[in-house]
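Trainee: Chain residues, written in single-letter form:
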Amino acid sequence: MADKPKVAFYWCASCGGCEEAVVDLAEGILDVIAAVDIVFWPVALDFKVRDVKELPDESITVSFINGAVRLSEQEEMARLLRRKSKFVIAFGSCSHMGGVPGLANLWDRASIFAWYYHDAPSVAPGNVREPREHVRVPEGTLELPAFWDTVKTLDQVIDVDYYLPGCPPTPKLLADAVGVLLRGDLPPKGSVLAGTRALCHECPLNESKPEKLLLKDIRRVHLTKVDPEKCLLAQGLLCLGPVTRGGCEALCVKGNMPCTGCFGPTDEVRDQGAKGIAYVSSILDFDEEADIERALANVPDPVGTFYRYSLPRAYLMRTRKVMPHA
Amino acid sequence: MTNEEARIGVYVCDCGFNIAGVVNVPQVVGYARGLKGVVICREYKYMCSSPGQESIQKDIQDLNLNRVVVASCSPHLHEATFRRAAEQAGMNPFLVHMVNIREHVSWVTKDKKEATEKAKSLIAAGVARVVRHSPLERRQVPVRSDVLIIGGGIAGIQAALTAADAGRHVYLVEREPSIGGHMAKFDKTFPTLDCAACILTPKMTAVKNHPDITLLSYSEVVAVDGYVGNFKVKVKRKPRYVDETKCVGCFECIEECVYKTAKFPSEFELGLGMRKPIYIPFPQAIPLVAVIDPETCIEFKTRQCKKTCVAACGDRGAIDFNQKEATVDLEVGAIIVSTGFHVFDAARMTNYGYGVLPGVYHALEVERLAASNGPTGGEIVLRDGRKPAAVGIVHCVGSRDEHYNPYCSKVCCMYSLKLAHLVKERTGAEVYNFYIDMRTPGKGYEEFYHRLLAENLHLVRGKVAEVTRIAEAAKEEGKLVIVAEDTLLGGIRRVPVDMVILSVAMEPQPDREEVRRMLNMSCSSEGFFLEKHPKLAPVSTMSDGIFIAGACQGPKDIPETVAQAGAAAAEAIALTSKGFITLEPNLAYIEEQLCSGCQVCIPLCPYDAIELDREKMVARISDVLCKGCGVCVAACPSGAAAQRMFEDDQIMLELAGVLSR
Ligand SMILES: Cc1cc2nc3c(=O)[nH]c(=O)nc-3n(C[C@H](O)[C@H](O)[C@H](O)COP(=O)(O)OP(=O)(O)OC[C@H]3O[C@@H](n4cnc5c(N)ncnc54)[C@H](O)[C@@H]3O)c2cc1C
Ligand code: SF4
Ligand code: SF4
Ligand code: SF4
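So the sequence lines, in the order shown, correspond to chains X and A. Take the first sequence: its position 164, counting from 1, is numbered 164 in our numbering, and each next residue is one higher. Take the second sequence: its position 432, counting from 1, is numbered 432 in our numbering, and each next residue is one higher.
These aren't lab readings, by the way, just hints derived from the structure by calculation. Note that CB positions come from ideal geometry on N, CA and C, so glycine has one too. Take these hints with a grain of salt, some might be off.
Below, a sample of chain X positions facing chain A; criterion: calculated Cβ distance under 10 angstroms [stated by the list, open to error]:
(1) C203
(2) S282
(3) D285
As a list, the in silico DSS-like pairs of lysine-lysine whose alpha-carbon atoms are at most 25 angstroms apart [stated by the list, open to error]:
(4) X:K254 / A:K616
(5) A:K387 / A:K479
(6) X:K230 / A:K616
Whole structure, please, built from the sequences with the hints as guidance.
Mentor: Quick look at the structure:
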């Protein structure tokens, strides 16, 4: 037992889907479990933080950390696991780029609290309660983790060795990554363990693109009868395949859903959302301003469309001033 | 920069007082000396002068510099100078970077302190980016020597003769049955009043006889591919139904046509004269070859014509009812576009009654009436054959009018005066010219105007409000009344006349969009083809190897057209005489390993330089077509497309440099 490589899993601000992805290894998980020694996995196994603290530094071979960093506790755990691990892998879009929780960077702590604990229609009028870091009760003081103003990616908090992208990463990529680490043929530090080209290259629909890929309209997927034989972008759906790293084998496109960008950009691109806006606006083929307006009306949430997984990693990674609630 | 340490020389130019008058140059020099990698920094009065350049060259050699930054004027002006200087000193010219502290700083910043700080930031940016420059090579591609000229008006004719005389083989493509353009329609030309045919037809004949000119009349260019020096051109030859090689232009077939009289409106005569189904547009046409109009020819309609024309042609056997449209493929090194202009449709100004009042003509029609080879043999008469006793000429019809064309057509005042003279000469009528401003700049033009004044021309200064046949007084009965405000007398004038001549504007050709697109040119807002630079490259276009001449570039008269045609021919000759052209290396390229074949870039390239390799599913840029505009680079969602001299890391470092202070 002692000779087996030690592995830890941890989750920060995430939906739990990444944990599910580990379980999705199905029978494969047994191979993993046979090959490694899981020392920490709060979702599945009853270990305490104390157990981790007691481990010698760098004694864990690899920690898979999913989720964005939103709370002080998450940051502390990330630092702890970093100290105890040889390798840290940012697992999934949220820890890689901030993910959906990262969209909260359009607001800040004060405005989020104002909405969720006071102004939202589902809150009882007159509510004065808000989570506080220290609450005094007769038995003593209770502590809650601090809620930061800004959601961060894992690598904005600790040094990250590799990234496993995806919302969630596919079981195949996870198995490949584990294999690579166990075999010890390590890719250069900082590598994203997925494809190197954008998704279109592996998409079965790429061949069907028209000679000139220009859009006369933007359409929304739930209002569109999708032709499964034709490139979704060419059908006017905002497929982010061109601006998204491949490796997922075009799972969404095969299900008639345009790529939403969860694998992040390729190595050459830092700001996926800006690039997405740049390429889509480049291929919009309009002469009249009214047509532009009409098409843009079909992108009701531009940030949520182009920065769905990557706002905290963008050049403009948060709003400076708090936006008032609409 | 890989292994070698950056050794940068920074040279700050005073540009006399241009820069030093605003920027504190010694302070900037002191600052630059402290930047990372800078080995030497010098100030000089005129960096571009020989001593300035020599100081750079000397430092490159003595101090072993491997990068040079020159902070002076716009790279448009002196980038070539400093690159050449560095090259002569043994440095790759692309390791030189220019920082513009004149146009970007001293000329646009009042505050001296601010200007000095700005100059420092820009130099910091230049020093930061130059470290990432790598040596680049210019490439040479071979150039074909043949020249294509599109449009056989006086511009095309002149350019063809000049280029052919210089030993180029010229293909002259004209879409009408004959070359000659508008000039062939005139009787006389201002300001000398020499006979248009007398000066034009010798040139037209010279085109026909020149061994180095292939005339493709009744033809249109339908596709242009390739790039400067190596254009591939497709020309569509419309069927004339008369074999050009057999027809001798004897007119016998026309005389013998089953139609004894000409009854179809002649295109060349603008409908004022008639032609038969088989015709030659005018007696001096080049080529002098008959054409059959299948729309009116009985043989085409019924297949049962007696074909008296064929009999008349006899043994020559030139007539061929089965002729088909043909395509000719050409490969040329340069293209001159001389597609000319189109006259403004006078019917658009309904207040002048053109098309409704029979006595209202547009100027080109009157040119035909005045022409000795025209429908009236040179008599200027009304449609009913009467000689007009009074004629009004309305200037600026469709020009200088924001509802139609805001620009001045430049030739109308002069041709209006010419027509006034011709009308007086042929009819003795009273002539009234209604003008807004009399514009006669040009050699001998003002003199021509004075000559006309001496001929007792009536000049009315004012824009014509309307032409009407509603009489308000006895003397207006049966006349056309020109209503205008006379701004010199300060009142409304009503001038009764028999004939009104509308001096119509010169407009761009209706099909300029297709031509523009086919050749990758641009149009100015009015629709005339756009020159590369209005002063310094007036006959070049943004598409290398494509030149423009004549009225397709903007309204102009014959002398200017001919001068421009000569210039365009000279440019084409210069381009095709070296045998090769040198390509700048600042072009885009695609990193094949990164390209996903998403095809976003392909439709964006304004020069059609990008192609998809279907086998590998990656995009590829043709070096010779790419102009380095950067559009694909900005759009490529993978970051696979990049551009030399504008690599991401160069730009990021440059930005960091600007922000470093
Ligand atoms: C009423 C009037 C009177 C004038 N009188 C005078 C005067 O007295 N003196 C003077 O100096 N100037 C005069 N001008 C100006 C003169 O007409 C122009 O300067 C001159 O004709 C310009 O020559 P060009 O060859 O550029 O164009 P054009 O004469 O218009 O010739 C263009 C030629 O290109 C051909 N063409 C067009 N498109 C295509 C295509 N796509 N493919 C192939 N062929 C094509 C056309 O058929 C035509 O033959 C007058 C203009 C007008 C309107
Ligand atoms: S469907 Fe999306 S991923 Fe597939 S080729 Fe089209 S744009 Fe690319
Ligand atoms: S840089 Fe411009 S010209 Fe060159 S390939 Fe890209 S889009 Fe075309
Ligand atoms: S846009 Fe970029 S990734 Fe897409 S085909 Fe062009 S070069 Fe390749």
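Trainee: Evaluate each hint against the coordinates.
Mentor: Against the structure, the hints come out as follows:
no. : hint            : result
1   : C203            : 9 angstroms, holds
2   : S282            : 4 angstroms, holds
3   : D285            : 8 angstroms, holds
4   : X:K254 / A:K616 : 22 angstroms, holds
5   : A:K387 / A:K479 : 13 angstroms, holds
6   : X:K230 / A:K616 : 19 angstroms, holds
The structure meets every hint from the earlier list without exception.
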